[in-house]
Structures are given as structure tokens and as C-alpha cells.
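Colleague: Going down the list, the sequences are from chains A and B. Last residue of the first sequence: 307 in the numbering used here, with the numbers rising by one and none dropped. Last residue of the second sequence: 373 in the numbering used here, with the numbers rising by one and none dropped.
Just so you know, the hints here were simulated from the structure itself, not pulled from any lab data. Warning: the hint list may mix true and false statements.
Derived list of chain B stretches under chain A, where covered just means 3 residues or more per stretch with a C-beta under 8 Å from a C-beta of chain A [unchecked claim]: (1) 16-26; (2) 35-47; (3) 105-115; (4) 323-333.
What follows is a list of derived Cβ distance ranges for each label pair [to be verified]: (5) A:193 with B:40: 36 to 42 Å; (6) B:9 with A:33: 27 to 33 Å; (7) A:164 with B:314: 56 to 62 Å; (8) B:365 with A:70: 24 to 30 Å; (9) A:110 with B:56: 45 to 51 Å; (10) A:294 with B:285: 53 to 59 Å; (11) A:294 with B:232: 32 to 38 Å.
Beyond 10 Å from chain A on every Cβ pair, some chain B residues (computed) [to be verified]: (12) 4; (13) 13; (14) 31; (15) 32; (16) 92; (17) 101; (18) 120; (19) 143; (20) 155; (21) 162; (22) 212; (23) 235; (24) 291; (25) 370.
Backbone N, C-alpha and C fix where the C-beta goes; we use that ideal spot for every residue, glycine too.
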Amino acid sequence: MVARVSATISVRNLRKAYGSTLAVDGVSFEVEQGEFFGILGPNGAGKTTTLEMLEGLREPDGGELAVLGLSPWPRNPALLPRMGVQLQASSFFERLSAREQIRTFASLYGVPASRADEMLAVVGLAEQAEVRAEKLSGGQAQRLSIACALVHDPELVFMDEPTGALDPQARRNLWDLLRRINADGRTVVLTTHHMDEAETLCDRVAIMDHGKILELGPPAVLVRGLDTPVRISVASGQLSAATALSLAGDVTGGNVTDNGVSLSIATRDPASVLAGLAGQDALTGLRVQGATLEDVFLSLTGREYRA
Amino acid sequence: MNAVRSSWLALRSSWLALRSSWLALRSLSRAMFLGFVRDRAALVFSILIPVLFLVLFGSIYKSTSSPRISVIEVGRVALLDQADAAAPGQLGNLLAITHSSDLGAALEDVRKGTSDAVVQQKGRTLDVHYSIADQTTAGIVQSVFTSIVQQADAAGSNSAVQLTTQQVEDKSLKPIQYLAPGLLGWAIASGGAFGAAITLVSWRQNKLLRRLRLAPVSVGSVVLARVGVSLGVALVQLAVFLAIATTPYFGLKLSANWWMSIPVVACGTLAFMAIGLLVGSFARTQQAATAVANVIILPMAFLGGAFIPLDYAPSWIQDVSYAMPLRYLVIGMQNVMARGEGAASALPAIGILLGLTAVLTVISVRVFRWDAV
């Protein structure tokens, strides 16, 4: 099979082994222009190796690979200006300020300093322009690193775990930035092991483990495909467990737990349970939780801990 | 017409490519230069500490030199006896006189620096031969003998005595003459080796190396920028050392071909950067790179003539020194800077340093890793 040239990224049966370990074992997928594509997986699933082959940092052992219609390996100077790679929040020159960093990267692509300064403002670092990269906060450093990846206006952007060690505010701030980057028409490929991140950002995700893609599709479709019960919980003390159980109805396979704080009902028929709870006027503290991408992920990759 | 147009286009595109590599080279050099000058530890290690050593050792060895002038009296010099008789004991405070009958051997002693002056009386002429390697000593010799002659004339015991003075070329090295090239060699070796090793390891660790590989910039530009910055630092080290060593206090007199030390310094920088590159190719952490570079450079400073001048070193050190790259950097500089040898005398050192650079670079390229894993 020949890799399709029209797709932004086209991967067929990609393989890479380190010694006797198959890091990537026959991976195939396509990423369309303007798509936000996520690669999910536990540590050691092969997602970083896949990304590195797409970026042209590693030579595939086998399979076909086309990025923007070109082969990334060996290092392809025609491809480099068209893609942006965000590596880590620490991949900077020592002791340079934010402005000096981005201007240096800009000049490597023949981009004028004025455009570099604009990019700094786009990621909200105009006020930190004089601050040295080492002195930036985690979120600021991450945004600088993204600005450096975007300074030459690439069509395709790769990000490896962009929100790694950020606090919740910084993560949400960064998500907004990533959405804007994608909304500008750029294709974005990111790896992450944060399921909520993939769920809110990605048009499609590939869930990888042991070097293979286990599931590929839009997050909502993957979650629906899981067919897990919905958890409905209300504050304890509003109705008895027996009443709750009758609401859930044994036929739908529902079950009830009450830990003294919350009473939870797991059901595959949430509409009738919610109507019943409303009829009992027992909706205080109501929470409804459907399955998340995390459930899909855990059901695919198992729950056992991996270092 | 088409051929003209296409060759014009080819010329234009290669000009543009050249221009963009130049711009990339310039901005990379700037980034690395700023990174260096803002690194206080690097500045202290590459400039301040070597200069401190120079000032310290220069002062120590300077003050231990004998205050008495050693004079060899060839034959019998009646004027000295008269001066001694006129003011008993005073002459002995100034001059330490030894006797000899061989003028040639005595002059050789002055050349080697074991004696300061030779004096000989031929009838009414007093011949004084002295070395100007040490300006203070030379000044004392001149004034002492001038006053001896004047006193003799004033006493009028004889008709006027004519004083002739002759300068003897001094081949021996004064402390500053081996301290300056030695400590400078050590400073350049450390700067080059540590600079290259630590840059390589830290860039590999923080993935900047990988980031640069993903930018449309050639490996050559990155290496050239780093080499350029190191060469600049080495030339600053050279300038600072020469400025301090040639002050009247330390009294280094530069030989005519001192400029030849510039290419020696440049080649030494390349050779030690190549050593650092090799260290950085193997070391995984900055700490490991620093430790390994120290293990290489520090013993070499003692065995390669940087801390211990080879002229005064035990013979086993002299033998071992031939295996030390630092020897060639130090000796190369010493020959043209202090010993007054011809410009060509630095060529063997330059050749050996460049050869070493080539061999180590080839090995480094083979074991080079872009990534920590």
C-alpha cells in the first residue's frame, strides 16, 4: 500500500525496534490538514518513538511514512521550515532572556526579530520578555517553548506532553493557546497521558500500548463505544438505599452505594433514574458522571501500575 | 537567455542560502557569547582564577630573587679593590663577587642567568657585561659600576677610567617568562575542554541539541559558532595575560615574534575543544563531564609544563611531557613569546595541535550522540 500524499501525515505499518523490544509495532494512521490529533498511551507505549519518527529524529525500521507529502528521514531540509516541534520547557539556550531565545530561534528560520516579538505577545509573554528562561514559571516556560516552535509559522506542529507538570490554571491557559493555534488552520499532533486534555482538545485520538494502536477515533465516539453505566450521585439522607435501588431497577443492572456523604447509583438508564430522583425531590448535590476517555484508556490498557 | 537566467537564479539562490547560514551563524554565536559572559562561574574559571595565579606566583617568585648582584670578576679588577678599601663592607652588601679567569665561561653564566654581570679591567678601561633580562638588576649593575668609576676619578688616584658596558643576551627564563605561557596554556586548555564538554552534555540533556537539529541550520554552523566563541574567549585570555605580564612590575619583555602566539593559542583552543568534545560524547551528565575533564586537564597542567616549568622539572616529567598536548601549547607560546625564537619555531607545536584536533574530531563524530538515550 502506498502512503496517501494528500493527507498531512500518512503512516502505514510503521515499525521501530530497540534491540529486541518492539517500540512501535505496525502503526497506521492518517492526519488530515487542520486536524488536532492526539496520541495517548501509558509510559513506554511507543508514542514518543512514533512522534520522533514523524519529526525525522529517528529512522523507521519499516513501513511507510509521509509528512506533508515528504519523507522526514533522512533529515529533510525542505520539511524542517514547514513543521514546528515543541520539545520540553527546558530546551533553551543558557542564560538568555525570553526575547533573546525566541529571536535566536527566529533567525535560524530567517524570520525577522519583529515577528519573534509578536509571537511572544501572542503567547502572553510580552511582559516577561526580559526575564531569563530559567527564571520563568513552568507555564510561562512552556508557552515560550511553544512560541519558539511557532515562530516560523509552520503548517504542522508537534508537541510532546505540553502540559506535563503544570498546575490546573496554567494547563487551562495553555489549552486555550493550543486551541487558538489549531483554529488558525495549523495541524497539531500531540502526545499526552492526560485524558481530560485529549478529550477537550483533540478531534481524534489514537490510544497506543505496546507499540500498537488499540483504538482510533474522536474521543466522544470512543467513550460511547465503551457502554459503561452512568454514575448518578446525590447527597446522603434524602432517600433510603432501598428506594434508590427500586429507582435504579434491577433489570438495568444498576447498583447503589451510600458512604454517608453521597449516595451513588450506577445505571444504564439515567433518564428514568433522574426522573425518579426528581419525583422524590432528592436532587440536592446532584452529580452525573458518564464514562470518560480515561475509562476507555484503562479498559484498553489495563489498571496494573507501570513504572 | 534562458541559460543566463537560470544561472542567475542559481547564483541568487546560493547567495540567499549563504546569507541565511551567515545570519544563523551570527545569531547562534551571539546567543552562545551572551550565555558565556553571563555565566559568572565560567568567567571566574577562565579568566579571573588564571590571572590571580599569574599575579600570585609572579609576585612570589619575583620577591625571592636575590637582592645582591652576583658579579664575576675576570682577572684582577683593581678598581673593585680600591672601592672596597675606601668603604669597607659596603660593596659586599651590593655585590656578590666570584673570581674567574675564563671570560667565555663567565659570559655563558650571564647568558644562562646564573650570574648577573661580568667585570674585567683592561688598563684604563673597565668592561662590564650584563644581562638586561631583569631590568631592575641591569639598572643596579649600571649605577653601581658608574659610581665606582666616578669615585675612583674623584679620588684622583689614577687618571680617568673609562667605563664600557656591554649587554649580554640572556637565554634563561625569568619566572614571568615561563609563568605567563604556562598559566595561560592551562587557562586555554581548561576553557576549551570544559566549554566544549559541558555545552555538548547540557545541550543534549535539555534537548536543545535535538531542537537545533529540527531547525534548518547545518551542524557546521552550530559547531562553528561554538568554536568561534571559544576562540574569542581564548584571545581575550591571551590579551589579559599579556597586558598583566608586560607591566613593569612583572616585567615580561615580549620577543619580536610574539604575534605568532596568536595562531598557537587558536590551535591549542581547537585541540582542547576536541578533547572536550570527546569527553562530552561519552559523559551523560554535566557532573561526569566536569569530573572527567578535570582528570584529564589537571594532571596535564603539572606534567605538561604549565605549572612546573619543564626546564626545572625532573627528567621523568620532561619525558612524560611529550605525551601531553598541553606541552605543545605551552612550549609553542614560550618559544615565540619569551625565548625570542623565530616565528617558524611555533610551527611544530601548531602542527601537533592541529593533528590532535583532527584525530579527536574524527573519533568524536563517530561516537557522537544527539540524544541522551
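Colleague: Failing hints, ascending?
Modeller: As far as the earlier hints go, 3, 4, 10, 11, 14, 15, 22 and 25 are violated by this structure, in ascending order.
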